[in-house]
Amino acid sequence: MNRTLSFTKLDYITIKPYLTLKNILIFVLVFAFIGYGTGDSSAMIGMLMMYSTIYASYPFAVGDKNGIDTLYATLPIAKKNIVAGRYIFALCLNVCVCAISLIASAILMTALGKRFSWGETLITILICFAFFSILEALQLPIYFKLGYAKAKFLAYLPLAAFPAAVMVISIFVGKDSFSAFIESMFSWIQANDFYAAAFIVIIWFLIMLFSGLLSYRFYKKRDF
Amino acid sequence: MNNILEIKNLSKHYEGFSLNNISFSVPQGYIMGFIGPNGAGKTTTIKLILNMVCPDSGEIALFGENTTSNSSEIKNDIGVVMDLPFYVEDWKVKDVEAAVSPFYSHWNSNVFDNYIHKFNIAKNKKVKELSRGMKVKLMLAAALSHDAKLLVLDEPTSGLDPVARDELMDILGEFVTDENKGILFSTHITSDLEKIADYITFIIDGRIEFTGEKDKLLESYLLVKGGLSDLTTEQKKCIVGYREHSVGFEGMIKTDNIKQLPFDTAFEKISLDEIIIYMNKEAKGHE
Chain A
1 MNRTLSFTKL DYITIKPYLT LKNILIFVLV FAFIGYGTGD SSAMIGMLMM
51 YSTIYASYPF AVGDKNGIDT LYATLPIAKK NIVAGRYIFA LCLNVCVCAI
101 SLIASAILMT ALGKRFSWGE TLITILICFA FFSILEALQL PIYFKLGYAK
151 AKFLAYLPLA AFPAAVMVIS IFVGKDSFSA FIESMFSWIQ ANDFYAAAFI
201 VIIWFLIMLF SGLLSYRFYK KRDF
Chain B
1001 MNNILEIKNL SKHYEGFSLN NISFSVPQGY IMGFIGPNGA GKTTTIKLIL
1051 NMVCPDSGEI ALFGENTTSN SSEIKNDIGV VMDLPFYVED WKVKDVEAAV
1101 SPFYSHWNSN VFDNYIHKFN IAKNKKVKEL SRGMKVKLML AAALSHDAKL
1151 LVLDEPTSGL DPVARDELMD ILGEFVTDEN KGILFSTHIT SDLEKIADYI
1201 TFIIDGRIEF TGEKDKLLES YLLVKGGLSD LTTEQKKCIV GYREHSVGFE
1251 GMIKTDNIKQ LPFDTAFEKI SLDEIIIYMN KEAKGHE
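Chains A and B are the protein sequences, given in the same order.
Take the first sequence: its position 141, counting from 1, is numbered 141 in the working numbering, and each next residue is one higher.
Just add 1000 to wherever you are in the second sequence, counting from 1, and you've got the working numbering.
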């Protein structure tokens, strides 16, 4: 097996003991509760993707607790493969959670007798996937540089920074101008859906690439 | 004789500690004991060998290849046992194999199973449920299951009972019966090395005090004891770790210097433990 994929598997084995029935039951109950309360699948999907982001940081957390970087140092694997393997792990986790979200939304909304649209749900999932994977792309370099214990506070700053940035921009450019800009952006996206999708995919890919290179740069220099 | 590991002028500086230009090598087919007091630089050296920290200067060659050029591939041929277990505490023993085996091109599950069976480790037990000795044995089982040519052991015997230590010595002795293999064995329990090591590298305060054949080291020094009035100041200077007590003095002397002491001075054979103690005393005395 390719060593990068072997590392992705190692990450899965690392968090496997914590994917307990109890945890999964909590997710299901919270998911059902939000679905029942809001009658809308978007909030449920957002919540599940948030859990996915938390689980993506688990290999760092478990590794910090168990000194697992020493294990990595003994294995025949280059640091670039470790970084790539962890990014693949985080993305695979997101894809799995997306698939679970889609199926669970369909089941729950049908069970609750609410309106369910496969197309709309899929678009919501793709937007959530893009948002949360970009959040992870901002977090992972911080974890690679500082380790989990030192980075856990900083790593959640991007989540708070996003609404803060929106607020600051709207204050600077004026609320009306900002709303007009957002509306025109959405109009453009609706009118040019293919180009908009291509643009988003390219931006997403570039963010992932830059994040991966930054993580490698940090991890290469880290002493254990 | 080919060297399996060769270290040349290796340096690493930290605040409050420096590894200074150390050089030594581990020949194929032999066990190199790596000894020194706590904080002497043994673990730092091992971390440098494993690329866990970057050296400030110097070279490390494993199997004739520079480690910086191809360090990840080289690790296929290295088995590592550290003083602290590096597996996730919540892993089961079978998870350990599942996690590490895909990385090695010569992993042999039968060999791993045999060692697990030999060491009486239950495959369904979690790592955290194993005793310290069992954890060391688990690391050893993994280190011996991928046809490693070099074993790097960092204080594996500390915390093990005498029976477990004796078993470990037997396994290590068996490992080097293959003349293409070698062991770097860092420990401060020198009685283990007196049994099995062929060579000794002695490190103190980040510098190599001795590297060579164990028997030569043991022949190079003698334990010396005598009465208080026996020695002149010049003679005292010949004694390493010179210490006076109520009835006399004691210390260690180089065999070449014994003629400088009075003829009635008592000399005794010295152990590796005593060499470390007196060298350490001497180093502290000069601080």
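Certain hints may be false.
Claimed, not checked - The calculated DMTMM-like cross-link candidates involving lysine to aspartate or glutamate, where the alpha carbons are at most 25 Å apart (straight line), are:
1. A:K65 - A:E183
2. A:K9 - B:E1129
3. B:K1149 - B:D1166
4. A:K22 - B:E1059
5. A:K16 - B:E1059
6. A:K221 - B:E1015
7. A:K16 - B:D1095
8. B:K1128 - A:D69
9. A:K79 - B:D1166
10. B:K1047 - A:D69
11. B:K1259 - B:E1282
12. A:K79 - A:D69
13. B:K1225 - B:E1209
14. A:K65 - B:E1089
15. B:K1128 - A:D64
16. A:K220 - B:E1129
No lab work stands behind these hints: they were computed from the structure.
The model shown is predicted, which means the values in this text are computed figures rather than measured ones.
To see whether the hints hold, each was checked on the structure:
{"no.": "1", "hint": "A:K65 - A:E183", "verdict": "violated, 47 Å"}
{"no.": "2", "hint": "A:K9 - B:E1129", "verdict": "holds, 24 Å"}
{"no.": "3", "hint": "B:K1149 - B:D1166", "verdict": "holds, 22 Å"}
{"no.": "4", "hint": "A:K22 - B:E1059", "verdict": "violated, 51 Å"}
{"no.": "5", "hint": "A:K16 - B:E1059", "verdict": "violated, 40 Å"}
{"no.": "6", "hint": "A:K221 - B:E1015", "verdict": "holds, 18 Å"}
{"no.": "7", "hint": "A:K16 - B:D1095", "verdict": "holds, 10 Å"}
{"no.": "8", "hint": "B:K1128 - A:D69", "verdict": "holds, 18 Å"}
{"no.": "9", "hint": "A:K79 - B:D1166", "verdict": "violated, 37 Å"}
{"no.": "10", "hint": "B:K1047 - A:D69", "verdict": "holds, 12 Å"}
{"no.": "11", "hint": "B:K1259 - B:E1282", "verdict": "holds, 21 Å"}
{"no.": "12", "hint": "A:K79 - A:D69", "verdict": "holds, 11 Å"}
{"no.": "13", "hint": "B:K1225 - B:E1209", "verdict": "holds, 23 Å"}
{"no.": "14", "hint": "A:K65 - B:E1089", "verdict": "holds, 9 Å"}
{"no.": "15", "hint": "B:K1128 - A:D64", "verdict": "holds, 16 Å"}
{"no.": "16", "hint": "A:K220 - B:E1129", "verdict": "violated, 34 Å"}
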